[in-house]
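Going down the list, the protein sequences come from chains X and S.
Under the working numbering, residues 6 to 395 are what the first sequence spells out, in order.
Under the working numbering, residues 1482 to 1712 are what the second sequence spells out, in order.
Keep in mind that a hint or two might mislead.
Said to hold, decoys possible - Here are some chain S residues the structure puts well away from chain X; computed CB gaps all over 10 Å:
1. Lys-1483
2. Pro-1509
3. Pro-1533
4. Leu-1540
5. Val-1567
6. Glu-1584
7. Lys-1588
8. Pro-1592
9. Gly-1593
10. Arg-1634
11. Leu-1646
12. Arg-1659
13. His-1698
Unchecked claim - Interface residues of chain X toward chain S, partial, derived using beta-carbon atoms under 10 Å:
14. Lys-76
15. Leu-112
16. Val-239
17. Val-253
18. Asn-254
19. Arg-258
20. Asn-320
21. Arg-322
22. Lys-324
23. Thr-365
Because the hints were derived from the structure by calculation, they are not lab data.
In this text, all values refer to a predicted model and were calculated from it rather than measured experimentally.
For every residue, glycine included, the Cβ atom is placed at its ideal position computed from N, Cα and C.
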Amino acid sequence: MNSSAIEFEKRDGWNRPPVITPEGDGELLEIAMGPHHPSTHGVFRMDVTLDGERVVHLKPVFGYLHRNHEKIAEGASYLASMPYTDRLDYFCSLSNNWAYALAVEKLAGQEVPERAQYIRVITAELTRIQNHASAVGFLIQDMGASGTPLMYAFKEREKILDLFEQLTGSRMMCNYMRFGGCRVDVSSAWLDQTRKVVAGLPQFADEFETLLTGNEILMARTQGVGVLPPALAVSAGVTGPMLRASGVNYDIRKVDHYGIYDRFDFKVPLGDHWDVYDRFMIRLLELRESIKILNQALKDIPAGPIMDPKARIRNFRPKPGEAYGRIEAPKGELGFYLISDGSANPYRYRVRPPSLINLTILEDMCLGNNVADVVLILGSVDIVLGEVDR
Amino acid sequence: MKTLEEIKSAIEAAIPGAGVEIISNPSPSAQHSLLLTPSHAADAAKFLRDDPELVLDFLSNVTGVDWPDKEIAEKVKVKRQITKTVEGPDGTSVAQQVEEEVEETRKRVEPGYLESVYHLYSVAKKHGPLVLRMRTVNRTDRVELPTFTFIWRSAEFQEREIFDLYGIIFTGHPDLRRLLMWEGFKDHPMRKDYVEPDDFEYEPTAHDEILKRHKAHQAVAPGQEGAAPAQ
Chain X
6 MNSSAIEFEK
16 RDGWNRPPVI
26 TPEGDGELLE
36 IAMGPHHPST
46 HGVFRMDVTL
56 DGERVVHLKP
66 VFGYLHRNHE
76 KIAEGASYLA
86 SMPYTDRLDY
96 FCSLSNNWAY
106 ALAVEKLAGQ
116 EVPERAQYIR
126 VITAELTRIQ
136 NHASAVGFLI
146 QDMGASGTPL
156 MYAFKEREKI
166 LDLFEQLTGS
176 RMMCNYMRFG
186 GCRVDVSSAW
196 LDQTRKVVAG
206 LPQFADEFET
216 LLTGNEILMA
226 RTQGVGVLPP
236 ALAVSAGVTG
246 PMLRASGVNY
256 DIRKVDHYGI
266 YDRFDFKVPL
276 GDHWDVYDRF
286 MIRLLELRES
296 IKILNQALKD
306 IPAGPIMDPK
316 ARIRNFRPKP
326 GEAYGRIEAP
336 KGELGFYLIS
346 DGSANPYRYR
356 VRPPSLINLT
366 ILEDMCLGNN
376 VADVVLILGS
386 VDIVLGEVDR
Chain S
1482 MKTLEEIKSA
1492 IEAAIPGAGV
1502 EIISNPSPSA
1512 QHSLLLTPSH
1522 AADAAKFLRD
1532 DPELVLDFLS
1542 NVTGVDWPDK
1552 EIAEKVKVKR
1562 QITKTVEGPD
1572 GTSVAQQVEE
1582 EVEETRKRVE
1592 PGYLESVYHL
1602 YSVAKKHGPL
1612 VLRMRTVNRT
1622 DRVELPTFTF
1632 IWRSAEFQER
1642 EIFDLYGIIF
1652 TGHPDLRRLL
1662 MWEGFKDHPM
1672 RKDYVEPDDF
1682 EYEPTAHDEI
1692 LKRHKAHQAV
1702 APGQEGAAPA
1712 Q
């Protein structure tokens, strides 16, 4: 039975997972997928109950990578948590830096200079490109195309990580942004190198699409699988490419205009079949939109300071109060909620992890599908366990 | 979006006895919040979601905050009767009652509470955030708050996380289990008064003192309180 045939009914007045009645002799098999299953991209377990090959129940189990990041941050100064945000979603450390810096800037009422805003956009969009490319690569890898598409994605990702290394000193744990600006300035040589890499990206996108988009096996495996209707997606708090693949036009870059995103001309691609194939396509289309933003940002980047001159690095104590800041991270809405009591550490530090909240709806999408499709549906959510468990 | 005062009066008009309070936020972010009464919170939340002007259909962030008991030392001026020996008119000493003002330090305990905070946005109208809060009666035995899972599905895992890390019990939650810590774990690690267990990794041998400290941390299984601790 296909998942699109399941009615996502509102039982007892709320969106709850549909009930699948076993067929045949009714004999059920419980299996634990994970915590060391390769398709879970980390240590994550799904307790799946099967009727033959059909999924009847699915309960995700978290916490294998839990280190209570929030408690650690409450005991450290504001700046000391900045390198730790890199470890949340270790694919997108620069987006995490930005989200945290944005929340603290809201809390302390700081301004960010023009040039730093451009650098933030450039680094965040480069992050988005390498994340989407490798997310698609991993998805195809889960499908059984061992290696080749993933290596195509990684070849491009490596060029972008080289840029990060030149700029920040680290490929993945960048620790680059500061409250009120960025840590170091970009050189004109770095900008030229970035322009060269960005100029090569459309060719990569074309090549990737030639390889994958029309692939018969990919279409057969993904179309009509893991359907997520828009109303349910909004209710379940799904964000990012997954929400837009469900046809909901909600991109925080367009809604909040945080940073300087109101200056760039780009489109928000939307899905119309709400399935795994749409999630795959949305990522490729967003990758092309990010190239557009990068071209504009690299053309317009002004000269100037990269730090707010009034920003305090040492003895940074925001006034008592609270703030919630959010950005459109590659995986969805990444938000930081901070409460200050006037001291050097945050009184409360909360990460709103898109990877965890996008999994709320995992059971609903998987019920009624074959167990082999669970792997694809999980792959299309695009999770990183560093962020799920924190 | 409507101002917070308008939203407050709209909720109070729609739900009689809702008792909404505005909590102001002095930080430059100016994200003020609404404090809901737990008994009417579910109705108020449903109103916020379904109201055609607000349409707050997207519950983005749910989180807990711990506010422990506060001991406040206050200096109070107290009048006290004291007996003083004064010399009478005829030369003899006479005991006399005199009133004197004395400064005294009194300690007052302000009871703590657990708080859950909600950040609401509207996907349909593209506005937000609206910040909601709810508070428990205390931090020990009356820690129940109503669940919002039936109104916004996104509360499901986040409320489980708060239950796990803070110990707020969300009444009516369909599957209230620990999310990150393991089953059988006793405490709530995000509370401000949580004591971390000792780390034994650096100890070369298990000395008596360490064993004693270790035993103090061992959880006793229910029904075995009187039994001898395991060796």
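Against the structure, the hints:
| no. | hint | result |
| --- | --- | --- |
| 1 | Lys-1483 | holds (18 Å) |
| 2 | Pro-1509 | violated (3 Å) |
| 3 | Pro-1533 | holds (16 Å) |
| 4 | Leu-1540 | violated (6 Å) |
| 5 | Val-1567 | holds (51 Å) |
| 6 | Glu-1584 | holds (28 Å) |
| 7 | Lys-1588 | holds (21 Å) |
| 8 | Pro-1592 | holds (18 Å) |
| 9 | Gly-1593 | holds (13 Å) |
| 10 | Arg-1634 | violated (4 Å) |
| 11 | Leu-1646 | violated (8 Å) |
| 12 | Arg-1659 | violated (8 Å) |
| 13 | His-1698 | holds (17 Å) |
| 14 | Lys-76 | holds (6 Å) |
| 15 | Leu-112 | holds (5 Å) |
| 16 | Val-239 | holds (5 Å) |
| 17 | Val-253 | holds (6 Å) |
| 18 | Asn-254 | holds (9 Å) |
| 19 | Arg-258 | violated (12 Å) |
| 20 | Asn-320 | violated (18 Å) |
| 21 | Arg-322 | violated (12 Å) |
| 22 | Lys-324 | holds (6 Å) |
| 23 | Thr-365 | holds (5 Å) |
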